[in-house]
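Asker: Whole structure, please, built from the sequences with the hints as guidance.
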Amino acid sequence: MTELDHRVKGVDHAAFPTFDPAGTVRFYRDVLGFPVVHSICAVGWGPEDHPDFIHFFFDIGNDDRIAFFYYFGLEPVHSRERGDAYAGFGPEVPEFFVRSRHLAIHVEKEDDLLEYRRRLDDSAWPVKMQIKHETIESIYTHDPNGYLIEITMPLRPVTPQEDLDANLTIDALLDVLAQPGPTLGKLLARKAELIVDRAPAWELARAGQEAGR
Amino acid sequence: MTSMYVLDVPENTPLAKVAAEDPAVTVGRIGPYFEITSDAAIVIDRRATGCRHAVWYSAISGIARDSRITQHDKNALRVEPA
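Protein chains in written order, with my numbering: chain A, 1 to 213; chain B, 1 to 82.
I should point out that these hints are in silico values taken from the structure, not numbers from a laboratory.
We put the CB at the ideal spot given by N, CA and C, even for glycine.
Some clues are possibly wrong.
Stated by the list, open to error - Capping the alpha-carbon separation at 27 Å, the derived lysine-lysine pairs in DSS-like fashion look like this: (1) A:K9 with B:K74; (2) A:K132 with B:K74; (3) A:K132 with A:K109; (4) A:K128 with A:K109; (5) A:K109 with A:K9; (6) A:K128 with B:K74; (7) A:K186 with B:K74.
As the list claims (entries may be wrong) - Chain A is faced by these chain B residues, among others (derived, beta-carbon under 7 Å): (8) Y5; (9) V9; (10) A54.
Stated by the list, open to error - With beta-carbon atoms standing in for the labels, derived distance ranges: (11) A:F72 with B:T13: 52 to 60 Å; (12) B:D73 with A:A15: 19 to 27 Å; (13) A:Q209 with B:T13: 21 to 29 Å.
Answerer: Put into structure tokens, the structure is as follows:
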């Protein structure tokens, strides 16, 4: 666990290129209702042959933002069918890998999740999956650029012991990565040792904190 | 001895409860974890737990070095002495 103080305040913006700015505005502003909150119109400059571009931002709640770059005159950088505006993948890349990178946007309750489901289902980008995971439930679609977008709600509040468990997992992972041939089985064996070593003291410390309140 | 560890969170409690129905199995605690032990195999029927797949396949926190998973599929979890 880290002793460093934690000063950051969430996502300022996550930025992606687009070759379909009209579709992007329709999807985020007109279908999802995410307000446009900032944009930059810039003349290309600098040592590279940089095109003129628009950098535009949508509010995704909590004052966090998703942003796009549209470069005038730039053609798509690949012609592969699988992938998104940023990168294409050939048949040698497994589907689970292609689908691994995504942005998940948080909602607090089921009513909100279902409202976004309704908005998407009424649009050209209907929900492709609704999945109950371990502790969250999510809807998914691809935006007009092929980026996988998830909207997710918690099924219950996060418990303090999940932070302990996550830290034991990461410490066990680092330990097995230091040896050849890391596997989930080796991780679970190492994690069992860490649980025996650390879990009782964690619970005692936590009980002490509760009593001190 | 067979030992496995499961974090005590709401979606995992049915798993510990079903494990405890076997009289040969002991369900104790170590910190915020269930410590599930037996002198023989620990066998847990997934359908009896009611756990959906996402929970079922991620519920194990640790398996002691003297134990090993011999089955973990949609039907059951089986942990045996290594």
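Asker: For every hint, state whether the structure bears it out.
Answerer: The hints, checked one at a time:
1. A:K9 with B:K74: violated (41 Å)
2. A:K132 with B:K74: holds (17 Å)
3. A:K132 with A:K109: This hinted pair holds, its Cα atoms lying about 14 Å apart.
4. A:K128 with A:K109: Roughly 20 Å separates the two Cα atoms, so the pair holds.
5. A:K109 with A:K9: Judged against 27 Å, a Cα distance of about 22 Å means the pair holds.
6. A:K128 with B:K74: At roughly 24 Å apart (the allowed maximum being 27 Å), B:K74 and A:K128 satisfy the hint.
7. A:K186 with B:K74: holds (22 Å)
8. Y5: Given a least distance of 5 Å, the restraint on B:Y5 holds.
9. V9: This hint holds: B:V9 lies near chain A, its Cβ roughly 6 Å from the closest one there, short of 7 Å.
10. A54: Since the shortest Cβ distance to chain A is 5 Å, the answer is holds.
11. A:F72 with B:T13: 52 to 60 Å: Distance hint for A:F72, B:T13 holds at roughly 58 Å.
12. B:D73 with A:A15: 19 to 27 Å: Violated, since B:D73 and A:A15 (Cβ atoms, about 42 Å apart) do not stay within the stated range.
13. A:Q209 with B:T13: 21 to 29 Å: For B:T13 against A:Q209, whose Cβ atoms are near 24 Å apart, the range 21 to 29 Å holds.
Violated hints for the displayed structure, listed by number in ascending order: 1, 12.
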